[in-house]
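Same order as they appear, the protein sequences are chains A and B.
The first sequence begins at 1 in our numbering and counts up by one.
The second sequence begins at 1 in our numbering and counts up by one.
Honestly, the hints are just simulated from the structure, not real lab data.
One or more of the hints may lead you astray.
What the hints assert, rightly or not - Just a few of them, taken from the derived set where beta-carbon distance is under 8 angstroms, the chain A residues facing chain B: (1) R18; (2) L21; (3) Q43; (4) H49; (5) A54; (6) V227; (7) D230; (8) A231.
What the hints assert, rightly or not - Just so you have them, the derived chain B footprint on chain A, three or more residues with Cβ under 8 angstroms: (9) 22 to 29; (10) 307 to 314.
What the hints assert, rightly or not - Quick list of simulated restraints, FRET-style, between CB atoms: (11) A:Y36 with B:I45: 26 to 34 angstroms; (12) A:R234 with B:I86: 41 to 49 angstroms; (13) A:E188 with B:T276: 37 to 45 angstroms; (14) A:T139 with B:I50: 53 to 61 angstroms; (15) A:R200 with B:T276: 42 to 50 angstroms.
For every residue, glycine included, the Cβ atom is placed at its ideal position computed from N, Cα and C.
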Amino acid sequence: MKHKVELRNHPAELHKFRMRLAVSIGFILILFLILYARFYYLQVTQQEHYHTLAEANRITILPLVPNRGLIYDRNGRVLAQNYSAYALEITPSKVPSVESTLDELATLIEITATDRQRFKKLMKESKRFKSLPIRNRLTDVEIATFAANRYRFPGVEIKARVFRQYPEKEIVSHVVGYISRINDQDLEQLELNGELNNYRGSHHIGKIGIEQSYETQLHGITGFEEVETDAAGRSIRVLSRTPPIPGNNLILSLDLGLQEAAEKAFGDRRGALVALDPNNGEVLAFVSKPGYDNNLFIGGIDQENWSLLNNSIDRPLNNRALRGVYPPGSTFKPFMALAALELGKRTPEYSMGDPGYFSLPGVDRRYRDWKPGGHGRVNLHKSLVVSCDTYYYSLANDMGIDNIHNFISQFGLGRKTGIDIEGEVSGLLPSSAWKMNQYKQKWYAGDTISVSIGQGYNLATPLQLAFATMIIANNGKAYLPRLVKQIQNSQTGSIEELPPKLLYSLNLKPKNLEIVKSALVDVTRPGGTAAKAGLNAAYTFAGKTGTSQVIGIKQGERYNEKSINERHRDHAMFIAYAPAEDPKIALAILVENTGTGGSTAAPIARQVFDYFLLGQSPEPEATIAKLTESTEDHGHEHL
Amino acid sequence: MIEIKKIWYYFTRYIDGFLLVGIIALMLVGLIVLYSATGANINKISHQMINISIALAVMWSVANIPLQHIRRLALPMYLIGLVLLIGVALFGEINNGARRWLDIGITRIQPSELMKVAIPLMMAWYFDKHEITLRLRDYIGATVLLMLPVFLILKQPDLGTATLISASGFYVLFLAGLSWRIITGLTITVAGSFPVLWSIMHDYQRQRIMTLLDPSQDPLGAGYHIIQSSIAIGSGGIDGKGWQNGTQTQLDFLPEQSTDFIFAVFSEEFGLIGNTLLLLLYLIVIGRCMIITVNASTQFTRLIAGSITLTFFTYIFVNMGMVSGILPVVGVPLPLISYGGTSMVTMLLGFGILMSIQTHPKLIKT
Numbered sequence: 001m002k003h004k005v006e007l008r009n010h011p012a013e014l015h016k017f018r019m020r021l022a023v024s025i026g027f028i029l030i031l032f033l034i035l036y037a038r039f040y041y042l043q044v045t046q047q048e049h050y051h052t053l054a055e056a057n058r059i060t061i062l063p064l065v066p067n068r069g070l071i072y073d074r075n076g077r078v079l080a081q082n083y084s085a086y087a088l089e090i091t092p093s094k095v096p097s098v099e100s101t102l103d104e105l106a107t108l109i110e111i112t113a114t115d116r117q118r119f120k121k122l123m124k125e126s127k128r129f130k131s132l133p134i135r136n137r138l139t140d141v142e143i144a145t146f147a148a149n150r151y152r153f154p155g156v157e158i159k160a161r162v163f164r165q166y167p168e169k170e171i172v173s174h175v176v177g178y179i180s181r182i183n184d185q186d187l188e189q190l191e192l193n194g195e196l197n198n199y200r201g202s203h204h205i206g207k208i209g210i211e212q213s214y215e216t217q218l219h220g221i222t223g224f225e226e227v228e229t230d231a232a233g234r235s236i237r238v239l240s241r242t243p244p245i246p247g248n249n250l251i252l253s254l255d256l257g258l259q260e261a262a263e264k265a266f267g268d269r270r271g272a273l274v275a276l277d278p279n280n281g282e283v284l285a286f287v288s289k290p291g292y293d294n295n296l297f298i299g300g301i302d303q304e305n306w307s308l309l310n311n312s313i314d315r316p317l318n319n320r321a322l323r324g325v326y327p328p329g330s331t332f333k334p335f336m337a338l339a340a341l342e343l344g345k346r347t348p349e350y351s352m353g354d355p356g357y358f359s360l361p362g363v364d365r366r367y368r369d370w371k372p373g374g375h376g377r378v379n380l381h382k383s384l385v386v387s388c389d390t391y392y393y394s395l396a397n398d399m400g401i402d403n404i405h406n407f408i409s410q411f412g413l414g415r416k417t418g419i420d421i422e423g424e425v426s427g428l429l430p431s432s433a434w435k436m437n438q439y440k441q442k443w444y445a446g447d448t449i450s451v452s453i454g455q456g457y458n459l460a461t462p463l464q465l466a467f468a469t470m471i472i473a474n475n476g477k478a479y480l481p482r483l484v485k486q487i488q489n490s491q492t493g494s495i496e497e498l499p500p501k502l503l504y505s506l507n508l509k510p511k512n513l514e515i516v517k518s519a520l521v522d523v524t525r526p527g528g529t530a531a532k533a534g535l536n537a538a539y540t541f542a543g544k545t546g547t548s549q550v551i552g553i554k555q556g557e558r559y560n561e562k563s564i565n566e567r568h569r570d571h572a573m574f575i576a577y578a579p580a581e582d583p584k585i586a587l588a589i590l591v592e593n594t595g596t597g598g599s600t601a602a603p604i605a606r607q608v609f610d611y612f613l614l615g616q617s618p619e620p621e622a623t624i625a626k627l628t629e630s631t632e633d634h635g636h637e638h639l
Numbered sequence: 001m002i003e004i005k006k007i008w009y010y011f012t013r014y015i016d017g018f019l020l021v022g023i024i025a026l027m028l029v030g031l032i033v034l035y036s037a038t039g040a041n042i043n044k045i046s047h048q049m050i051n052i053s054i055a056l057a058v059m060w061s062v063a064n065i066p067l068q069h070i071r072r073l074a075l076p077m078y079l080i081g082l083v084l085l086i087g088v089a090l091f092g093e094i095n096n097g098a099r100r101w102l103d104i105g106i107t108r109i110q111p112s113e114l115m116k117v118a119i120p121l122m123m124a125w126y127f128d129k130h131e132i133t134l135r136l137r138d139y140i141g142a143t144v145l146l147m148l149p150v151f152l153i154l155k156q157p158d159l160g161t162a163t164l165i166s167a168s169g170f171y172v173l174f175l176a177g178l179s180w181r182i183i184t185g186l187t188i189t190v191a192g193s194f195p196v197l198w199s200i201m202h203d204y205q206r207q208r209i210m211t212l213l214d215p216s217q218d219p220l221g222a223g224y225h226i227i228q229s230s231i232a233i234g235s236g237g238i239d240g241k242g243w244q245n246g247t248q249t250q251l252d253f254l255p256e257q258s259t260d261f262i263f264a265v266f267s268e269e270f271g272l273i274g275n276t277l278l279l280l281l282y283l284i285v286i287g288r289c290m291i292i293t294v295n296a297s298t299q300f301t302r303l304i305a306g307s308i309t310l311t312f313f314t315y316i317f318v319n320m321g322m323v324s325g326i327l328p329v330v331g332v333p334l335p336l337i338s339y340g341g342t343s344m345v346t347m348l349l350g351f352g353i354l355m356s357i358q359t360h361p362k363l364i365k366t
């Protein structure tokens, strides 16, 4: 062995080995340099990048959802509030089968068919990884039962949620509207508006009414909590907290008492009422009958209730005050009368004989007055008090459609009033240009005749009519109708008054206004079409009745209420304000399919005024009896 | 007093003090990092200290054995290792999709670990035996000796160990004077055989290579390790986040933080400054090993020493390269620092051999 070793060690071999070792050392140094370069790259060049990634790893930002602002009426009565409760929620993507999970849950906690339907509807509208409520308002027993069985239900959780509640339900549903679950469309819209970040963690958003139009005020600003989280997702500690800023409270100009009085006065009848304060445009009452229970929509409405509401022949979801368009009927006449005076087409003294019909020169067709045989001699005052049609037929023919259009559009008909809830429609105040544009037809003189009594192409919403009435009542001031009167800052509690917004003022001659307004007062006095409603009023009560035709009556036929399908009967209309000398309230009323304005709509106005001005609730019989001055009731029911 | 001095002399006479200090310094660094990586887990620390003690005992024992005796062990060790590897291939326990362990009745062993020592010994012995002039066929013979166990380990499959064993064998070939032409040829062959290798690779091995090329392809799966360790290292910056303050480590974003990825823990908490010092410490240990290699008196000892030194370096490079994202994740521990007994013992066994070479009387000085 020794021998062998000796033989092997010659210098050449050693030299070669040493050369190779030198190469190896060079190799080692180069590779260490490469490593070092890599460390330098990671820890110096890219340090910031990796620091950001490390922070993103450990810091989870949890949204803190702000409490939604409350909604009150002008007297501080609650219209929308919040309450905390526990909800049972399922994340569809985390459960193996939604169906079997529901079945199993149902053995522990009551889950009705309605709950299931509602949940399925929600599932269709939401992403699969969203946690969706199957049951709200769990009882303590239910919470305990589920907690004990939680291990059986991965993907099912109990969550503390703040819920919205509308204590007044159908009475103010068309004003307050509702919030509901944020759906994909809402998300798109939020992203478009750059508000998505503020809705991280929010589940609901205003869909309609005040809840929708004042969403920004009501929602508040989402707070954030920076939480250090480990790889398994466990929170280690809270690093920082930016508390949410609750939404601001809204105080509406709406008077809930007045709203209730109006509701009561309507009874079971369908229709709408809009009452404005002529001094500032505040909406005092805003009724659309029937209403609906807006609470149903908050957690997502179930199919059954949805069909019931959506398919009902009474169309409770339709906001008639805001979106219902009706021919204004004879409530159009005061504006025609004012136009005649302002444009010099009639003097107050001018009178004409009314044979009960009007014909255009050289045409056979007769435009009938509502009263067979006519009203005898009629001047402007009388034309309003008895609601003579013939007077306006002849007036309209003298004025021409475009004069009518240009003058009356100043009262807001044919365009949106700009009220602070969405979905308003503009109605229609026709003109020759409009007809040409719409039908490529020229305007006929005959068209003007029907327009003059608020029929024909004429269409207006109850809100527009209330707006127009307000402008007469306050002698020409067009205030923007507003539902929200004050905004209460959630942080400071301070109340910001939203100043009335005067859109424009009409320069109307006081004398002309006086002529029309005195006629409107006489409408509610004996001999007027609303005499019954005005009987013994403790204030001066100005108004104008109207009838809005649902179906056209052919030439030579008579309107016979009894023979017509109930839904095709005329709508009763009434516009009014009181007290006439210093109006505090102006309103428009529509009662569907009940005939004439004097008989059904005007009494509602009387009850509303009695409540508002005298503090009397509806059922005023006794009071009226006491005040009676033995005035004879003409008992006439007129247009 | 004299007695104690004598005992101390006999106890330390075959120990290379310089090398020992370097090794213990690295082990201390390892314990400090482990303390942080395990979240101050005293159990694990104690266990690692036991590992270290055993490994040091092994090193001391080996250092006391003269090289001639070790040389005689080369062939039997190799043969036993080969038989055990065949045993693994036939009867091995399957764990995580790989067949690496063999139950030999008393205990479970991992024969590939034995091969880490046996291969350089065997090959050095082989070249030592084959006289003055080495011909091509000697290299071919040596290559076959190397490839047999490497093939068996690849089949287990254990890419990391196969790579390291191939490397340790190649270092012997290289240091023995394998001609540059053959090395070049071999490099070309390896490059050329890559498509072939690719086709016989296991899916997880391919995945590792694909993930290395683009970790973001699979950020939650195979790429997760590399992404998280890069974040840990990068976010450490120049001066680090401080001991026990690494968020990637303490919040468990970093996987395998006490074993293969412990370097990322070190890097995150001690930064580029720490890395610089650690690399220097490793370089000092390597430097000492190189001196021992140069001073070795026989071809056998030179080859052994050189191979052990280069293999030690290779462990460091492969581990740091993998953790910092320039090499595929192959499951190689960071020598003297990673938690675990087996690699610690294997590593110190190598250092024991180096010490034996350095401290036993040289047969012939050249």
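Hint check:
The closest approach between the C-beta of R18 (chain A) and any C-beta of chain B is roughly 7 angstroms, which is under the 8 angstroms cut-off, so the hint is satisfied. For L21 (chain A), the interface hint holds, since its Cβ comes within 8 angstroms of a Cβ in chain B; the closest pair sits about 6 angstroms apart. With 8 angstroms as the threshold, the beta carbon of Q43 (chain A) comes within range of chain B, its nearest partner Cβ sitting at about 4 angstroms, so the hint holds. Residue-level restraint check for H49 (chain A) holds (minimum Cβ-Cβ distance to chain B is 7 angstroms; threshold 8 angstroms).
With 8 angstroms as the threshold, the beta carbon of A54 (chain A) comes within range of chain B, its nearest partner Cβ sitting at about 4 angstroms, so the hint holds. Given hint, V227 (chain A) at the interface with chain B, is violated; its Cβ is 12 angstroms from that chain's nearest Cβ, farther than 8 angstroms. Restraint check, D230 (chain A) versus chain B: the minimum CB separation of about 4 angstroms is within 8 angstroms; hint holds. This hint holds: A231 (chain A) has a C-beta 4 angstroms from the nearest C-beta of chain B, less than the 8 angstroms allowed.
With 3 residues having a beta carbon nearer than 8 angstroms to a beta carbon of chain B, the stretch 22 to 29 of chain A meets the requirement of three or more and the stated coverage holds. As drawn, the stretch 307 to 314 of chain A meets chain B at 0 residues by the rule of a beta-carbon pair under 8 angstroms; below three, the given contact is violated. The hint said 26 to 34 angstroms for the Cβ distance between Y36 (chain A) and I45 (chain B), and at roughly 30 angstroms that hint holds. Checked against the given bound of 41 to 49 angstroms, the beta carbons of R234 (chain A) and I86 (chain B), roughly 47 angstroms apart, stay inside it.
Look at E188 (chain A) against T276 (chain B): about 53 angstroms separates their beta carbons, and that is not inside 37 to 45 angstroms. Taken as a hint, the range 53 to 61 angstroms holds for the pair T139 (chain A) and I50 (chain B), whose Cβ atoms sit roughly 58 angstroms apart. The beta-carbon spacing between R200 (chain A) and T276 (chain B), approximately 43 angstroms, falls within the hinted interval of 42 to 50 angstroms.
When each numbered hint is compared with the structure, violations occur for hints 6, 10 and 13.
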